[in-house]
Amino acid sequence: MAIEATAGGRSAFDQLVEEARPKRTLAQNLKRFARRKPAGAISAVVLILLALIALFAPVIATHDPIRDQVAAERLEAPSASHFMGTDNLGRDVFSRVVYGARISLQVGFLAISLGTVTGLVIGVLSGYLGGKLDLVVQRVVDVLMGFPFIILAMLLVVALGASLLNVGIALSVAIVPRVVRLSRSSTLSVKEEVYVLAAVTIGVSLLRMVLRHILPNTLGPVFVLATGALGGVIVAEAGLAFLGLGIPPPSPSWGGMLNIGARGYMEAAPWMVIFPGVALSAVVFTFALLGDALRDVLDPRLRRGDS
Amino acid sequence: MGTLLEVRDLRTEFNSEGGIVKAVDGVSYDLQEGETLGLVGESGCGKSVSALSLLRLIPNPPGRIVGGEVIFEDQDLMKLSERQMRSIRGNKIAMIFQEPMTSLNPVLTIGRQLTETVELHMGYSPEAAVRRSVELLEMVGIPDAKSRLSNYPHQFSGGMRQRVMIAIALSCSPRLLLADEATTALDVTIQAQILELIKNLSTELGTAVIIITHNLGVVARYADRVNVMYAGKIIERGTADEIYETPKHPYTRGLLGSVPRLDVDREDRLASIEGMPPDLDRLPPGCSFVPRCPHADDHCRAEMPPLSSKDGSEHVYACWKGHEFGPLEFVQAKA
Chain E
71 MAIEATAGGR SAFDQLVEEA RPKRTLAQNL KRFARRKPAG AISAVVLILL ALIALFAPVI
131 ATHDPIRDQV AAERLEAPSA SHFMGTDNLG RDVFSRVVYG ARISLQVGFL AISLGTVTGL
191 VIGVLSGYLG GKLDLVVQRV VDVLMGFPFI ILAMLLVVAL GASLLNVGIA LSVAIVPRVV
251 RLSRSSTLSV KEEVYVLAAV TIGVSLLRMV LRHILPNTLG PVFVLATGAL GGVIVAEAGL
311 AFLGLGIPPP SPSWGGMLNI GARGYMEAAP WMVIFPGVAL SAVVFTFALL GDALRDVLDP
371 RLRRGDS
Chain W
30 MGTLLEVRDL RTEFNSEGGI VKAVDGVSYD LQEGETLGLV GESGCGKSVS ALSLLRLIPN
90 PPGRIVGGEV IFEDQDLMKL SERQMRSIRG NKIAMIFQEP MTSLNPVLTI GRQLTETVEL
150 HMGYSPEAAV RRSVELLEMV GIPDAKSRLS NYPHQFSGGM RQRVMIAIAL SCSPRLLLAD
210 EATTALDVTI QAQILELIKN LSTELGTAVI IITHNLGVVA RYADRVNVMY AGKIIERGTA
270 DEIYETPKHP YTRGLLGSVP RLDVDREDRL ASIEGMPPDL DRLPPGCSFV PRCPHADDHC
330 RAEMPPLSSK DGSEHVYACW KGHEFGPLEF VQAKA
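Protein chains in written order, with the working numbering: chain E, 71 to 377; chain W, 30 to 364.
No wet-lab data here; the hints were simulated from the structure.
Please note that a few of the clues may not be correct.
Pair by pair, the computed Cβ-Cβ distance ranges are [what the hints assert, rightly or not]: (1) W:Asp308 with E:Arg105: 52 to 62 angstroms; (2) W:Thr32 with E:Arg106: 58 to 68 angstroms; (3) W:Glu343 with E:Ser259: 39 to 49 angstroms; (4) E:Leu199 with W:Asp308: 30 to 40 angstroms; (5) W:Arg112 with E:Ile130: 54 to 64 angstroms.
Under the rule of at most 30 angstroms between Cα atoms (straight-line distance), these lysine-lysine pairs were calculated in the DSBU-like manner [stated by the list, open to error]: (6) W:Lys51 with W:Lys350; (7) W:Lys339 with W:Lys350; (8) W:Lys228 with W:Lys175; (9) W:Lys51 with W:Lys339; (10) W:Lys121 with W:Lys175; (11) E:Lys202 with W:Lys51; (12) W:Lys175 with E:Lys101; (13) W:Lys121 with W:Lys228; (14) W:Lys108 with E:Lys202.
Away from chain E, derived, C-beta distances all over 10 angstroms, residues of chain W [stated by the list, open to error]: (15) Tyr58; (16) Asp105; (17) Glu233; (18) Tyr273; (19) Thr275; (20) Ile302; (21) Lys339; (22) Gly341; (23) Lys350.
Idealized CB from N, CA, C, for every residue including glycine.
Given the sequences, and given the hints that come with them, work out the whole structure.
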């Protein structure tokens, strides 16, 4: 093909390249995502369902998860009136699992958003400014990383007192060091890019540089970490509840249900453990799958070449 | 036309494991308004560092501007606060880089990157900034500019991206444009287009340009005057014609002599400059070109020659023997 400069100075080749690039709508993008990442698409659907369940819990649940205690119906096996049986206090396990989705998602999103935002701010500043600030921040992060995640969260819950908000805060603190590390390392590589130097040469201020040029380029990996960690946080919340440090009863948390069920009712009423356990595993698994798929899609380096 | 920029004895150093590297070692030159100045030299001779030093963009540590004055529009840039510097960068002095593939932010649309500069420096409202961006894109020859604003850099080819970079650089009608190897990464046909574009726009806007390159052809065609740098110093300066017809410094002569020529027998070996560029952290006491210079004597080894000319002309050179050399004849070295 002959490549000639056009009047505007743009070569015909450029034009061909531009025209060959397909333009897509949101719906087409979603369709493409579903075709390329079926596991990711399925998990996204599952999570949307979960969110709907949490949102419409009062409509979906057949009983009140806390107040409907019928002594006569204690430890009943699954049946038409109690899909997942009843627990030791005669409460409907199905309704409690449904409401439990609310708590799990609330704690999960609370912890992740708090932790990610805090971690990003600290990590990006630490990486971009460097120097003594970076040194100090990284040593603090080292110390925090030295603690096992769950122990750190336990310490904080004990210190703050058990409530939904405090459990969220405790778990977010446990997330922060990981986000700091990740965002700092991507900041370090982004800040060497020519476009950052180019931004300096047009005279942008520190705040604008960080918010507009550095931060968006570090979000991809952090987003993936956050999605994957969401599952981890939900498990951690269940872990805390299992240890008696979670959201206090009678709130229907999956971890709390496992705690009570596993202590003494494992044989008499296995449904008390199985259903919250399955719900928990399913949620964590789907979050992990979604995180994986998002990594492939969101990473601009992986995305660049494909068409 | 007045003097736009006066650089006096600029010195920039870097700390390295081997000691202090004097990347820019006492560079002085001036630039008239609207003039195009070429800055040539091989890799590592301090071309880019001297340009970045003008904007005070030397990463510290390990780098440091240790001395000198940069008088731009009657103020010494070295004495300004960081805040005052920011109002000059991108506004009065703009820069274009070598890598068009990486000098645009991949996660921001072209439109946002274009509007940033005018919003920053000219206080444009978002709508006015968008209108200005369309104008700019049209000015640099990007068709269908309005719809391209929402595109991302990866949707542009290398030449197109460099056009966008030029549009960003010229968006505030700067007084001075630093083009640091702006066309080196592009293929030759696009190179010519981009250089023509820079030339036309700078003439139109009255912008002075410093073209930093190792491509002697580019300089010959586009620069009014040429500074040749070697080992952190300017070793020869003159008009493009003077430099090409009668280079006075053996290094310049060597550079020009080593340009491959079509009219010479292909069997002959290419002329080249013997040896390697010197380590900038341990320069010899005299002229830094001595180890590679076929004409060097004891005087050269003992004392660095000043940048001057014997007959007082504007064509100056840092060589004790420069006045002895006549017009360059392209004699191909025989193998």
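Hint-by-hint comparison with the structure:
no.	hint	verdict
1	W:Asp308 with E:Arg105: 52 to 62 angstroms	57 angstroms, holds
2	W:Thr32 with E:Arg106: 58 to 68 angstroms	60 angstroms, holds
3	W:Glu343 with E:Ser259: 39 to 49 angstroms	46 angstroms, holds
4	E:Leu199 with W:Asp308: 30 to 40 angstroms	32 angstroms, holds
5	W:Arg112 with E:Ile130: 54 to 64 angstroms	58 angstroms, holds
6	W:Lys51 with W:Lys350	25 angstroms, holds
7	W:Lys339 with W:Lys350	10 angstroms, holds
8	W:Lys228 with W:Lys175	25 angstroms, holds
9	W:Lys51 with W:Lys339	28 angstroms, holds
10	W:Lys121 with W:Lys175	26 angstroms, holds
11	E:Lys202 with W:Lys51	27 angstroms, holds
12	W:Lys175 with E:Lys101	28 angstroms, holds
13	W:Lys121 with W:Lys228	18 angstroms, holds
14	W:Lys108 with E:Lys202	26 angstroms, holds
15	Tyr58	20 angstroms, holds
16	Asp105	18 angstroms, holds
17	Glu233	15 angstroms, holds
18	Tyr273	27 angstroms, holds
19	Thr275	35 angstroms, holds
20	Ile302	30 angstroms, holds
21	Lys339	40 angstroms, holds
22	Gly341	38 angstroms, holds
23	Lys350	40 angstroms, holds
Hint check: no violations occur; every hint is consistent with the structure.
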